[in-house]
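Dock chain Y against chain H, hints included.
Protein chains in written order, with this note's numbering: chain H, 28 to 336; chain Y, 28 to 336.
For the record, the hints were derived by calculation from the structure and aren't laboratory data.
All figures in this text were calculated on a predicted structure; none of them were measured in a lab.
A hint or two may mislead.
Selected chain Y positions facing chain H (in silico; Cβ < 10 Å) [to be verified]: (1) Asp123; (2) Tyr156; (3) Met181; (4) Trp265; (5) Ile321.
So the derived list for chain H, only partly shown, Cβ under 8 Å to chain Y, looks like this [claimed, not checked]: (6) Thr88; (7) Ser89; (8) Phe90; (9) Glu94; (10) Pro122; (11) Pro144; (12) Val155; (13) Ala158; (14) Arg161; (15) Met181; (16) Gly183; (17) Phe212; (18) Asn308; (19) Pro312; (20) Ser314; (21) Leu316.
For every residue, glycine included, the Cβ atom is placed at its ideal position computed from N, Cα and C.
Number of protein chains: 2
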Amino acid sequence: MMVEKQEGQRGTLPTGIFAATLTPETKDLAVDHVALADHCGWLLGNGCDGIAVFGTTGEATSFSAKERMDALETLVKNRIPANRLLVGTGCCALPDTVLLTRHAMDLGVGGVLVLPPFYYKGVDDNGVYDAYARVVQQLSDTRLEMYLYHFPQMTGVPLDRDLISRLTTAYPDTIVGIKDSGGDFGHMKMIRQSFPGLRVFPGTEIFLLDLLEMGGAGCISATINVTSRLAAEIHNRWQTDDVRELQQRLTLIRQTFDEFPLIAALKHVMAEHTGSDGWRNVRPPISPLDREQIQRLERALGSISFSVG
Amino acid sequence: MMVEKQEGQRGTLPTGIFAATLTPETKDLAVDHVALADHCGWLLGNGCDGIAVFGTTGEATSFSAKERMDALETLVKNRIPANRLLVGTGCCALPDTVLLTRHAMDLGVGGVLVLPPFYYKGVDDNGVYDAYARVVQQLSDTRLEMYLYHFPQMTGVPLDRDLISRLTTAYPDTIVGIKDSGGDFGHMKMIRQSFPGLRVFPGTEIFLLDLLEMGGAGCISATINVTSRLAAEIHNRWQTDDVRELQQRLTLIRQTFDEFPLIAALKHVMAEHTGSDGWRNVRPPISPLDREQIQRLERALGSISFSVG
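This is chain H alone, in the form it adopts within the complex (with noise of 0.2 Å):
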């Protein structure tokens, strides 16, 4: 596991290789504690540095808050290292973002990863910042460790640079990183040059060795839990002369996987890898794949080699 820090950069979660986790759910859609634990260790043993719990690969938006902390609870008690978790808690609701946020502290997480409320679009910076600042307020306890997460396609709220600036100026001890799904490297790069300080995953492995080489904290990605072996090898070893044409072939297997509804196709995957079928489960809104897609997506990897445990 490299823990390397860059100056400056604050944080007790490792940086790294980081797989958003899929949730296993059972028939009655609840959430498999044991496939989820299971699957966490085998990524914690197979290259992942960390793992982000609850995000959007991990249908957070689709367990209520009850279910979220049992299924962490649970993760803990099957002595996954809280340390190496970064849990998504941010919520529509602010009391429900303080309550996920402080129950993940007190299991002692590495950090929390935080969505600003998502369903009123065309908010101004002043609602979203005031949205931050009063959990920050709320939770007002020191080991707090917060990172905020940027995904505009999904939330329509993006978090664009006055307001990180305004945020890390509040809270500089605890707003420590960024998750930047946006897709846009433009706007990571931007991150990284106007904020040193602050640690910025990029949400696809496409920008993991472009980041690294500019300091970027490593990489958080919904793909990862079917590549972390390969993402792990490129971020070990990105200064040697041939880590390209590993990126290449991580950069293949993204796209790959994006052509197709990510959250299912990757539960397709686990399921076909690991011969069982509940991996397949899946939460209303999002829906299993048709017989076509998966024909299409088993012709597209046909010729891609990847591990899965």
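Relative to the frame of chain H, chain Y by itself:
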């Protein structure tokens, strides 16, 4: 109160004029239960046939499930007739939607207004269908009367003709209406013509008269918080000769508010007209109007007469 039914339409809720009520808040941003009951009582005495509680205007998604249930219980205890309430219960997480829907029904509300899960974008209709179907199936209660909530600008999840058709075919006794907040008259007209058994409420009073003339059910709108008497007058005599003039006045008021952040602007007007500054409180990510917006709003409204309790 008009309870005029279109042929073949069902629903215990009245039709007609509904304010999508604002949710007044204390200085700690808790629900101000007393002010909410007062406001709802005023609305029912001043033109409203019913009230939509915890819709978009009511900052529904900014409150936890418990806060929403507590507020609804208190409202009913404060003698607001439950059968005149349409209660927003649609959340991202299925268990939350089921919880809020069952709770509202147990209080005897006239109907529930259900958003599709709104975090994920680009989901296919099968997933959205399944999200609604599971709520109906898990409730498994013949008393359930559900109104679909079409608001693609906020949710990113449009409810199109095929989806509405599948849902009304599968659950003809449960899906009794739709609130169409998309602002596209063509979409409302399509629904009205394609689904004659469905009550159609536009989400803006701009289309009140046009849709009434096509057999629409009335209107559920944010601005009816301050225009209920005028809206009711149009609804009560929509077949008279001079009603177009009233509609033009109503349209002008709505268009004026549409140039401002709607919730904050309406709360500002409520504060001005009731003399209670607390009305200005909003939960993030909504933020209060700034000084420039207040001046502009007051200038714009200066020449328009409307009534507030």
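Cross-check of the supplied hints:
1. Checking Y:Asp123 against chain H by beta carbon gives a least distance of about 5 Å; that is within 10 Å, so the hint holds.
2. Hint status for Y:Tyr156 relative to chain H: holds, with the closest Cβ pair at about 8 Å, below 10 Å.
3. The beta carbon of Y:Met181 is positioned within 10 Å of a beta carbon in chain H (closest approach about 6 Å), and the interface hint is therefore held.
4. Here the hint on Y:Trp265 is broken, as its CB sits about 32 Å from the closest CB of chain H, past 10 Å.
5. Hint status for Y:Ile321: violated, given a least beta-carbon distance of 14 Å to chain H, over 10 Å.
6. Given the 8 Å rule on beta carbons, the hint for H:Thr88 holds: about 4 Å separates it from the nearest Cβ of chain Y.
7. A least Cβ separation of about 5 Å between H:Ser89 and chain Y falls short of the 8 Å threshold, and the interface hint therefore holds.
8. This hint holds: H:Phe90 has a C-beta 5 Å from the nearest C-beta of chain Y, less than the 8 Å allowed.
9. A cut of 8 Å between beta carbons decides the hint on H:Glu94: the least distance to chain Y is about 7 Å, and the hint holds.
10. At its closest, the beta carbon of H:Pro122 sits 4 Å from a beta carbon of chain Y; the interface hint therefore holds under the 8 Å criterion.
11. The interface hint given for H:Pro144 is met, as the beta carbon of that residue sits about 5 Å from the closest beta carbon of chain Y, less than 8 Å.
12. For the restraint placing H:Val155 at the interface with chain Y, the shortest Cβ-Cβ distance is roughly 5 Å, inside the 8 Å limit, so the hint holds.
13. Satisfaction of the interface hint for H:Ala158 is found here, the shortest Cβ-Cβ separation to chain Y being roughly 4 Å, below the 8 Å cut-off.
14. At a threshold of 8 Å, the smallest CB-CB gap from H:Arg161 to chain Y is about 6 Å, leaving the interface hint in force.
15. The closest approach between the C-beta of H:Met181 and any C-beta of chain Y is roughly 6 Å, which is under the 8 Å cut-off, so the hint is satisfied.
16. The closest approach between the C-beta of H:Gly183 and any C-beta of chain Y is roughly 7 Å, which is under the 8 Å cut-off, so the hint is satisfied.
17. The beta carbon of H:Phe212 comes no nearer than 21 Å to any beta carbon in chain Y, farther than 8 Å, and the hint placing it at the interface is violated.
18. Evaluation of the H:Asn308 hint against chain Y yields a violated restraint, the C-beta minimum of about 12 Å exceeding 8 Å.
19. Because the smallest distance between the Cβ of H:Pro312 and any Cβ of chain Y comes to about 4 Å, under 8 Å, the interface hint for this residue holds.
20. Residue-level restraint check for H:Ser314 holds (minimum Cβ-Cβ distance to chain Y is 4 Å; threshold 8 Å).
21. Interface restraint check: H:Leu316 against chain Y, minimum CB-CB distance 10 Å, threshold 8 Å, status violated.
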